[in-house]
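Undergrad: Chain by chain, the residues:
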Amino acid sequence: MLTATEKSKFVLSGQHFMNGDVACAEGAIAAGCRFFAGYPITPATEIAERMARRMPEVDGIYIQMEDEIASMAAVIGASYAGVKAMTATSGPGFSLMQENIGLAIMTETPCVIVNIMRGGPSTGQPTMPGQQDVMQARWGTHGDYEIIALAPSSVQEMFDLTVEAFNLSETYRVPVFVLADEIVGHMWERVTIPHAESIHVVNRKKPTQLHGEDYAPFQPDRDLVPPMAVFGQGYRFHATGLTHDERGRPRTDSSEAQTRLVQRLCDKIRKNKEKIIQVENVMVEDAEVAVVAYGIAARAGLSAVRKARATGIKAGLIRLITLWPFPDEQIAKVVNHVKAFVVPEMNCGQMVREVERAAKGTPVAFLSKLGEEPHRPSEILDVIGEVLKK
Amino acid sequence: MPARTWRKPLDSDKIKPPKGEVHIIANRCKGCGYCIEFCPRDVLDTSEELNERGVHLPKVIDESKCTLCRFCTAICPDFAIFIKEKNCKDGC
Amino acid sequence: MTTEELVHPYERFLRKGMIPHIWCEGCGNGIILNCFAQALDELNIDLDNVVVVSGIGCIGRVSGYTNTDSFHTTHGRPIAFATGVKLANPELKVAVISGDGDLFAIGGNHFIHAARRNMDLKVICANNFIYGMTGGQYGPTTPLDAWTTTTPYGNIEHTFNLIHLAAACGAVYVARWTALHVRRLTESIKKALQKEGFTFIEVVSQCPEIFGRYNKMETPLKMIQWFKQASQVQHFSDPAKAEITPNKIVVGEFVDIEKPSYGRLLKDMTTRAKQR
Chain A
1 MLTATEKSKF VLSGQHFMNG DVACAEGAIA AGCRFFAGYP ITPATEIAER MARRMPEVDG
61 IYIQMEDEIA SMAAVIGASY AGVKAMTATS GPGFSLMQEN IGLAIMTETP CVIVNIMRGG
121 PSTGQPTMPG QQDVMQARWG THGDYEIIAL APSSVQEMFD LTVEAFNLSE TYRVPVFVLA
181 DEIVGHMWER VTIPHAESIH VVNRKKPTQL HGEDYAPFQP DRDLVPPMAV FGQGYRFHAT
241 GLTHDERGRP RTDSSEAQTR LVQRLCDKIR KNKEKIIQVE NVMVEDAEVA VVAYGIAARA
301 GLSAVRKARA TGIKAGLIRL ITLWPFPDEQ IAKVVNHVKA FVVPEMNCGQ MVREVERAAK
361 GTPVAFLSKL GEEPHRPSEI LDVIGEVLKK
Chain B
1 MPARTWRKPL DSDKIKPPKG EVHIIANRCK GCGYCIEFCP RDVLDTSEEL NERGVHLPKV
61 IDESKCTLCR FCTAICPDFA IFIKEKNCKD GC
Chain C
1 MTTEELVHPY ERFLRKGMIP HIWCEGCGNG IILNCFAQAL DELNIDLDNV VVVSGIGCIG
61 RVSGYTNTDS FHTTHGRPIA FATGVKLANP ELKVAVISGD GDLFAIGGNH FIHAARRNMD
121 LKVICANNFI YGMTGGQYGP TTPLDAWTTT TPYGNIEHTF NLIHLAAACG AVYVARWTAL
181 HVRRLTESIK KALQKEGFTF IEVVSQCPEI FGRYNKMETP LKMIQWFKQA SQVQHFSDPA
241 KAEITPNKIV VGEFVDIEKP SYGRLLKDMT TRAKQR
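Protein chains in written order, with our numbering: chain A, 1 to 390; chain B, 1 to 92; chain C, 1 to 276.
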């Protein structure tokens, strides 16, 4: 166990000017991440490079695996051996990781997967931004499940939300995604890294059950999350990607076992939604038009909302910090006074579908932008004007 | 005649080969026949008896020949047969 | 025969309530598990420090049967998972026990790189020449001309020489035994467990129910007789000439060298990094 002084050596407390990828790596280290397995891919490579340099300094491990499939597998292995672990990638690597993301979900492995999103599909535009993987994060692997995904809008948030991602993954024993577009990943901004003692860090619940032949590694507590035994402590437990019972034994035969397990994997997130979801509301209380945005689009959205207010339009911004679980209630709450929603995204329409669903009939205008340039505030302002005319 | 039957160790009156007791866990046996086939002393043979799985268990035809080589224990894929050393104080 | 003390000497290595296992009559997988248990027994290894990792396939079920920490991964990925485990906790003894398809078809890339890195993993491959769990399709070790459900006109692919591959990738210990060679397999497993670095043991394993029945060896005894007739013990013969044919299965140790493991190099590197 590290002393407070030792821990604080590893956290680079102070003011920094850094890029998003580097801030993300530092956030991970501050959260206690000591294992990184990854594969270089634009525009996430800087995270790997920073980790390659920093992990040995903090007695952690950096390994560059042969591909993203292996990276995700190694992350799960390290987490099960008791070490907080992460990987970072972009679209093509994210696709490769999906099967093992499913394994992490099924085995309730705390881990963080960062996707610095670029233009897709396929090889796409490696150096250009995109927000095209946000649905994939939710539905990318087969089966029924719930995950948590966070969308930083600034370099400071690349630090803060990576810490938050680790905390959420440890709390709910679920993979947590940090979905940043390439702009947020590559831009340079000021970051304040607090002192180690003031950074809130959560660690996975430890088992209180005694060891023994009847030990049940997947027996949930009341919050639906099982405490986590790790290898090497005498629990001698089994974990499998097959449907299993609370003792971890395969139950490929029983519909009752399938229902019990899969429903709990969904419920442990759904029933804890209020504690998970974060949204930033700016001037929403009296808004007639609400811009709903995340990532880099929210920066332009904020600027557009301010410009609109300056001309007398009652516009507000609902900035999604948590993309998944989707903040249904936060949208539904404003439907009474909002005449329309405006959703700018750097894709062909992904989170807008969730907004439409939650808006229950209130008109939603979608503004797509693909390629190098993010939304201009003026473009969003134009749409704000248009929806009010109708 | 095989060599082993006519060569007698000089201290054969003092040192006795160990004797084994065959134990079969009937509900584990799947009837593969390896133990019967590979026992070097032909201690086992196929029995008429069927276990709950519907396979013919091995049976001991002459336990006195068992020398505790434990090959049956090692070759059994199902942990269904093992040998315990016989306590030979009262003679075997 | 008695009924009172029916406790198998290796019972403590088996997870309670999981035996009888699902493997067919005469399946080599059961013998591999048996030899693994015997090796652990003879070395008196603390089972709390052993992690068994397996992939998908009949042999993949083995991790559910050992009374150790264990993990059953996605298809082809046990070596990558095991890499994470070993690096995160170098005190653990990490064994990867998986099949020919899992380790060398879908998992081939991970095998190559873990061997190249000399990751301290103990890999045992149950090579039964077929994909048994899914009903008997061919794989990278299926012999030429063999009948399987996806080679109904005979297999037209050349078979993999796993020994050659492992040696070429840099494994520090490479051995092959058949499931008949129980004593020597156990000795090799013991050796591998005590050796630092990437060790690979290929076990030529019988699948009488599927591979055997499809290829004129319908009973467990017929398949194991094939091992008896065809195997030749030749230590340290040329790995390049170790391909398995119907008439010749070269068994023995092929490689036994010393080379610093990834873990050792990582430790040195970390020390240097911290001194800067």
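I should point out that these hints are in silico values taken from the structure, not numbers from a laboratory.
Don't take each hint at face value.
To be verified - In silico DSS-like cross-links for lysine-lysine, where the CA-CA straight-line distance does not exceed 25 Å:
{"id": "1", "chain 1": "A", "residue 1": "K360", "chain 2": "A", "residue 2": "K390"}
{"id": "2", "chain 1": "B", "residue 1": "K8", "chain 2": "B", "residue 2": "K59"}
{"id": "3", "chain 1": "A", "residue 1": "K273", "chain 2": "A", "residue 2": "K205"}
{"id": "4", "chain 1": "C", "residue 1": "K222", "chain 2": "C", "residue 2": "K190"}
{"id": "5", "chain 1": "C", "residue 1": "K222", "chain 2": "B", "residue 2": "K59"}
{"id": "6", "chain 1": "A", "residue 1": "K339", "chain 2": "A", "residue 2": "K389"}
{"id": "7", "chain 1": "A", "residue 1": "K307", "chain 2": "A", "residue 2": "K390"}
{"id": "8", "chain 1": "B", "residue 1": "K84", "chain 2": "C", "residue 2": "K190"}
{"id": "9", "chain 1": "C", "residue 1": "K190", "chain 2": "A", "residue 2": "K9"}
{"id": "10", "chain 1": "B", "residue 1": "K19", "chain 2": "B", "residue 2": "K84"}
{"id": "11", "chain 1": "A", "residue 1": "K9", "chain 2": "C", "residue 2": "K267"}
{"id": "12", "chain 1": "A", "residue 1": "K206", "chain 2": "C", "residue 2": "K16"}
{"id": "13", "chain 1": "A", "residue 1": "K333", "chain 2": "A", "residue 2": "K389"}
{"id": "14", "chain 1": "B", "residue 1": "K84", "chain 2": "B", "residue 2": "K59"}
{"id": "15", "chain 1": "B", "residue 1": "K19", "chain 2": "B", "residue 2": "K59"}
{"id": "16", "chain 1": "B", "residue 1": "K84", "chain 2": "C", "residue 2": "K259"}
{"id": "17", "chain 1": "A", "residue 1": "K314", "chain 2": "A", "residue 2": "K360"}
{"id": "18", "chain 1": "A", "residue 1": "K339", "chain 2": "A", "residue 2": "K271"}
Undergrad: Next step is simple, just say for each hint if it's right about the structure.
TA: Here is what the structure says about each hint:
The straight-line distance between the Cα atoms of A/K360 and A/K390 is roughly 18 Å, inside the 25 Å bound, and the hint therefore holds. Restraint check for B/K8 and B/K59: the C-alpha separation of about 30 Å exceeds 25 Å, so the hint is violated. A distance of roughly 19 Å separates the Cα atoms of A/K273 and A/K205; the hinted pair therefore holds under the 25 Å criterion. Distance check on the hinted pair: C/K222 and C/K190 sit about 29 Å apart at the alpha-carbon level, beyond 25 Å; violated.
Distance check on the hinted pair: C/K222 and B/K59 sit about 21 Å apart at the alpha-carbon level, within 25 Å; holds. Restraint check for A/K339 and A/K389: satisfied, since their Cα atoms lie roughly 11 Å apart, inside the 25 Å limit. Of the supplied pair hints, the one linking A/K307 and A/K390 holds, its CA atoms being roughly 20 Å apart against a limit of 25 Å. About 23 Å separates the Cα atoms of B/K84 and C/K190, which keeps this hinted pair within 25 Å; it holds.
Restraint check for C/K190 and A/K9: not satisfied, since their Cα atoms lie roughly 43 Å apart, outside the 25 Å limit. Between B/K19 and B/K84 the CA atoms are separated by roughly 9 Å; this keeps the pair inside 25 Å, and the hint holds. Restraint check for A/K9 and C/K267: the C-alpha separation of about 20 Å stays at or below 25 Å, so the hint holds. A distance of roughly 24 Å separates the Cα atoms of A/K206 and C/K16; the hinted pair therefore holds under the 25 Å criterion.
As the CA atoms of A/K333 and A/K389 are separated by approximately 23 Å, the hinted pair is consistent with the 25 Å bound. Between B/K84 and B/K59 the CA atoms are separated by roughly 16 Å; this keeps the pair inside 25 Å, and the hint holds. A distance of roughly 17 Å separates the Cα atoms of B/K19 and B/K59; the hinted pair therefore holds under the 25 Å criterion. For a cut-off of 25 Å, the pair hint linking B/K84 to C/K259 is broken: about 42 Å separates their Cα positions.
For the proposed pair A/K314 and A/K360, the alpha carbon gap of about 21 Å is at most 25 Å, so the pair holds. Between A/K339 and A/K271, the direct Cα distance comes to roughly 30 Å. Violation of the 25 Å bound is thereby established for this hinted pair.
Taken one by one, the earlier hints fail for this structure at numbers 2, 4, 9, 16, 18, listed in ascending order.
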